[in-house]
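**Q** Respectively, the protein sequence lines represent chains A and B.
Mind the numbering: the first sequence is residues 1 to 239 in this note's numbering, read in order.
Mind the numbering: the second sequence is residues 1 to 303 in this note's numbering, read in order.
Hints listed in this document are in silico derivations from the structure and should not be mistaken for laboratory results.
The beta carbon of each residue, even a glycine, is placed where N, CA and C say it ideally should be.
Heads up, a few of these hints could be off.
[Claimed, not checked] So the derived label-pair ranges between C-beta atoms look like this:
| id | chain 1 | residue 1 | chain 2 | residue 2 | range |
| --- | --- | --- | --- | --- | --- |
| 1 | B | F88 | A | S175 | 38 to 44 Å |
| 2 | A | R18 | B | D177 | 40 to 46 Å |
| 3 | B | K131 | A | R8 | 47 to 53 Å |
| 4 | B | R111 | A | Y11 | 24 to 30 Å |
[What the hints assert, rightly or not] Covered stretches of chain A (in silico footprint by chain B; criterion: 3 or more residues with CB under 8 Å from a CB of chain B, positions within the stretch not fixed):
| id | stretch |
| --- | --- |
| 5 | 6-14 |
| 6 | 83-96 |
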Amino acid sequence: MYNPTVARLTYRALLGRRRALILFALPAMLIVIAGAVRAFTGLDDKIAADLLGGFALATMVPLIGVIAGTGAIGPEIDDGSIVYLLSKPVKRPTIIMTKLIVAIAVTMAFSAIPTLIAGFILNNNGQQIAVAYTIAALVASIAYSALFLLLGTVSRHAVVFGLVYALIWESLFGSLVSGAKTLSVQQWALALAEKVAGEGYVDATVGLPTAVALLVAVTVGATVYAGQKLRRLTLAGEE
Amino acid sequence: MTTIDIDHTSRWFGNVVAVNDVTMRVGPGVTGLLGPNGAGKSTLINMMGGFLAPSTGTVTIDGTPIWGNEQVYRQIGVVPEREAMYDFLTGREFVVANAELHGLDDAAARRALATVEMEYAQDRKIATYSKGMRQRVKMASALVHEPSVLLLDEPFNGMDPRQRMQLMDLLRRMGDDGRTVLFSSHILEEVEQLASHIEVVVAGRHAASGDFRKIRRLMTDRPHRYLVRSSDDRALAAALIADPSTSGIEVDVQEGALRIQASDFGRFTELLPQVARAHGIRLLTVSPSDESLESVFSYLVAA
Chain A
1 MYNPTVARLT YRALLGRRRA LILFALPAML IVIAGAVRAF TGLDDKIAAD
51 LLGGFALATM VPLIGVIAGT GAIGPEIDDG SIVYLLSKPV KRPTIIMTKL
101 IVAIAVTMAF SAIPTLIAGF ILNNNGQQIA VAYTIAALVA SIAYSALFLL
151 LGTVSRHAVV FGLVYALIWE SLFGSLVSGA KTLSVQQWAL ALAEKVAGEG
201 YVDATVGLPT AVALLVAVTV GATVYAGQKL RRLTLAGEE
Chain B
1 MTTIDIDHTS RWFGNVVAVN DVTMRVGPGV TGLLGPNGAG KSTLINMMGG
51 FLAPSTGTVT IDGTPIWGNE QVYRQIGVVP EREAMYDFLT GREFVVANAE
101 LHGLDDAAAR RALATVEMEY AQDRKIATYS KGMRQRVKMA SALVHEPSVL
151 LLDEPFNGMD PRQRMQLMDL LRRMGDDGRT VLFSSHILEE VEQLASHIEV
201 VVAGRHAASG DFRKIRRLMT DRPHRYLVRS SDDRALAAAL IADPSTSGIE
251 VDVQEGALRI QASDFGRFTE LLPQVARAHG IRLLTVSPSD ESLESVFSYL
301 VAA
């Protein structure tokens, strides 16, 4: 279920495009902010939790997930170069699985690692806050990658839909409508972080069993569906 | 020896019928798929290449359905019309990746690059390639596994004459080897130079099939229409209609011109200036009025 050639092409496509600059810019921003906060306010567990939860997990992880998830397949389908992968005796679900693994690896590398570094800068992992949010970022990376890879497979406007989901649904509706929080990757990831961090620093609205069940269901469901979609993908040509 | 069979196949997109009840068999040798733009050539090639499901009917390779069966790519090589490829790779990296996806090693990629004579530029990024170079690297990527069937969608588009000749030589050799080579084109001369067998599609229908000489004859023997203006239209019309090479003349008063239908193309083109001279008539305009490919093809469909 993994093809090293497909993986290599996907890595190069993801990291070689101009979009990749955002992959570097967002984590750099997080670390700079963390350094500035630490310099001005000193060690503060509450501020550390707020920054990691409010910026790292709520904004940076989904944005990187959108870029890596949709970017792993969307541009190839748009410009038609996917034909060179499809015209090979390689199973289509294998192509999807490989691209998912690459998207997850890239999202984790560019979101979880900077989160951990920022956490240590902010409060030396006091109350396990850095580790808690890093675990949340790792888990969210998997679900976001699967979700946005599916979007990239089914829609030409995957980036727009991805941004709408990540920024409007999760952030805006999530804070206004409590029901929306149940259907939010961010909240599921927070449910895990809550168990790791010290009491009162992480607040998730979803219980852990529900969160895990939904995470698994979304990841597996999106991946299987994307594999099906790719099997039936038609290239209509330019006529 | 591999054969692709298209059997009573139609394909529509919403309300638009792109391919309408086509039945054809493509066997070893070079076959040209000829038709005007928008006739359904790409749709047919996409169905033969497994990128599009037929709406009705079947498309099979040696009896096995092509759609939804990635194993057919062990036998099929595809050269798509679209330009997009992995521009951030070098030509060599691209062909090596294609070989790997077939489970082959670098040697296969080297052979393919040598076949298309692209070794000299193989270490440059594809983004820097000309259209002809891209076309050759696409060819190499389709040839790495030495397929028994090669499908090419408008392969000569954007090539200069020398590149066109090289590619024709290569395809001819592959056809002589007993491979099944199918290429599409909307240019009769291209097809005529290369293909021993021609399939013509017009407006989604299979219009003609067979030897190019037969089709060429159909095309030149068709009635030709001319728009002629002269110093004395009626006198010219009277003189021309006396000869059997002219099958009809209309005096278009509004346009101030004659619309002439000639049944014998060669004889008419000699006759017209002679008749004009003999009657002291000056020819002001002589223009063929239906030389567009579409009208040639629509004549073929009716034939």
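**Q** With reference to the structure, classify each hint as holding or not holding.
**A** Consistency of the hints with the structure:
1. F88/B x S175/A: 38 to 44 Å: This hint holds: roughly 40 Å between Cβ atoms.
2. R18/A x D177/B: 40 to 46 Å: For D177/B against R18/A, whose Cβ atoms are near 44 Å apart, the range 40 to 46 Å holds.
3. K131/B x R8/A: 47 to 53 Å: violated, 26 Å
4. R111/B x Y11/A: 24 to 30 Å: Hint holds: Cβ distance 27 Å, inside 24 to 30 Å.
5. 6-14: Coverage by chain B holds for the stretch 6-14 of chain A (5 residues, Cβ < 8 Å).
6. 83-96: holds (count 10)
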